[in-house]
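Chemist: Based on the provided sequences and hints, a complete structural model is requested.
Chain by chain, the residues run as shown.
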Amino acid sequence: MAKFEKANSVGEWLDQRLNIKMLNRVLMTEYWIPKDINFLWAMGMVLAFTFSMLLISGIFLLMYYKPDVNMAFDSVNYTIMQEVAYGWLFRHIHGVGASVVFLIIYIHMFTGIYYGSYKRGREMIWLSGMLLFVLFSAEAFSGYMLPWGQMSYWAAYVITNIFGGIPFIGDELVVWIRGNFYVADSTLTRFFMLHVLLIPLAILGAIGLHFYSLRIPHVNNQKGEEIDFEEESGKYLAGRKKQSKVIPFWPVFIAKDVFVLSIFLVFFFYLVFYHYDFAMDPVNFDPANGLKTPPHIYPEWYFLWSYEVLRGFFFDIGPMKASDIGLAAFGFAQIIFALLPWLDRSPTVAPANQRPYFRCWFWTMMVVLVILTIFGKLPPTGTNAWVGFFSSITFILLFLILPVVTKAEAKKVASNKEGE
Amino acid sequence: MDKNRRAFMGKVLAGTAGVATAFSLYAMKRTWDPLPSVISAGFTTVDLSPLKENELSIVKWRGKPVFLLKHGPDVTPNDKRDIVTTDGSRYTVVIGLCTHLGCIPEWKGSENKFKCACHGGEYNIYAENTFGPPPRPMDIPPFTIKGNSIVLGEEGPEYKKMMANS
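From first to last, the protein sequence lines stand for chains A and B. Position 81 of the first sequence, counting from 1, maps to 81 under this note's numbering, and the rest follow consecutively. Position 34 of the second sequence, counting from 1, maps to 34 under this note's numbering, and the rest follow consecutively.
Calculated directly from the structure, the hints in this document are not laboratory data. Heads up, a few of these hints could be off.
[What the hints assert, rightly or not] Calculated lysine to aspartate or glutamate pairs in the EDC-like style (CA-CA distance at most 20 Å, straight line): (1) B:Lys64 <-> A:Glu172; (2) A:Lys292 <-> B:Glu106; (3) A:Lys223 <-> A:Asp36; (4) B:Lys29 <-> A:Asp171.
Modeler: Next up, the structure:
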């Protein structure tokens, strides 16, 4: 057993037992972040904070919400919104937070793609991040069902129906997921469980993994420069802070992080108090009715691009049915971003704008995603259907040609270097 | 410690844990299966004899509306679509959802038509699409004929024959 002496302070007492000084150094004061970064590097903390707000507001909603088809709608729209003091505040934080968290996730994700932060040892950061994206999507979908309005019901109907396209077991699988032949009480209760327990637990675990995956390769920087963290942190600790290329996470990096977070929170609470309606579809204020389909069904804005890929293929090609092609394309869109570290065959880690070919690829991808998002909300008729079709095809082609594009780029970069 | 003994114990432990996991997963899978009450509610017996000619009745089956329509003597028999009970009466029995986007069409007895308010689709008395965006006739639910009643959800010989011919 270790030898314990009388402690002179609470800190010392804890340090003897939990080694908190060492923990503080490893996680905070000697966890090194490059200096050469910008505000986009604060999105991780913004996400962590937004997730905490979702968790806390969710706890308060959970105390009054009733996961039963006869009570769910009123427990949200009457009890929480009208009876519970500040219930509206927690609901609006939760609703707006769910929407805004995806905005920040997308910024975070495309920052990673733009700066090439998914390769050269950072593959696990990327993969754990994509895992979080999938988990957040499942969390958003299961949560959207809970108010049991018309959009809740029909989104649940359409999304669970997607599994029916899986060969052989599809039909049985849909019934199994719903626990009934249609979206019913069993469906609501099990998705409630997923939303408040299983998926949040998985998210917490994945966040831990995501943070841990940063430790060895470290955070990327604006130039994609390879930094010797041993040497640079040595400089910092020796007092040569100006020459060092790194800063400690606490208190230097976190100070800037909190600044960016504060600006974000002004925007966030502006939405919560004055523009919460954008996250509250009016159709969802009609109670769920399995016998009446709303004339036009669409998901929340953050799922529109993949929804458009799903329905972009609206005609049969040869023996393949339109719905099956759409489903395959949808499956492709769901997993393909995760494979980015292996599709990008160029060893260069640099901002997209400094990479001759990847620059075009990146910005084309952004434009395609914006088009898919816009047309995902429009009815799929006439010209809209064709725009959806061609942008879905372009989306898939972009990923298929990425290995070729990046290989050619690597060759060009290598020959340019020889020429110098 | 004998290494072989430790390896053996390890294998026994892994084997037992594996079997336990398989059983647990099976039990977990089964908890998500539809309950017996849900499955039995998925088979609805409907007595067709009280139906009146040319008047639509709607029953709910597996959360969907099912249209029941008795044909009058002037309606031409359509063996591909009609359900014929023991007393020889002919009926249209279909899932009452428009095959375009799932709205519920309305029966217009005076015009002998189903009309969908959402996008203007029209169906004849056999619930075959005749106009507008619907891509196919309304679906016939699985059924079996028992005298003058039908059981929805059960695939009887008449249903199988109908599906084979369509």
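Chemist: Work down the list of hints and note, for each, if the structure agrees.
Modeler: Now for the hints, and whether the structure bears them out:
The hinted pair formed by Lys64 (chain B) and Glu172 (chain A) meets the criterion: a straight-line CA distance of about 18 Å does not exceed 20 Å. Taking the CA atoms of Lys292 (chain A) and Glu106 (chain B), the gap is near 13 Å; set against the 20 Å cutoff, the hint holds. Restraint check for Lys223 (chain A) and Asp36 (chain A): the C-alpha separation of about 8 Å stays at or below 20 Å, so the hint holds. Note on Lys29 (chain B) and Asp171 (chain A): the hinted pairing holds, with a Cα-Cα distance of about 16 Å set against a maximum of 20 Å.
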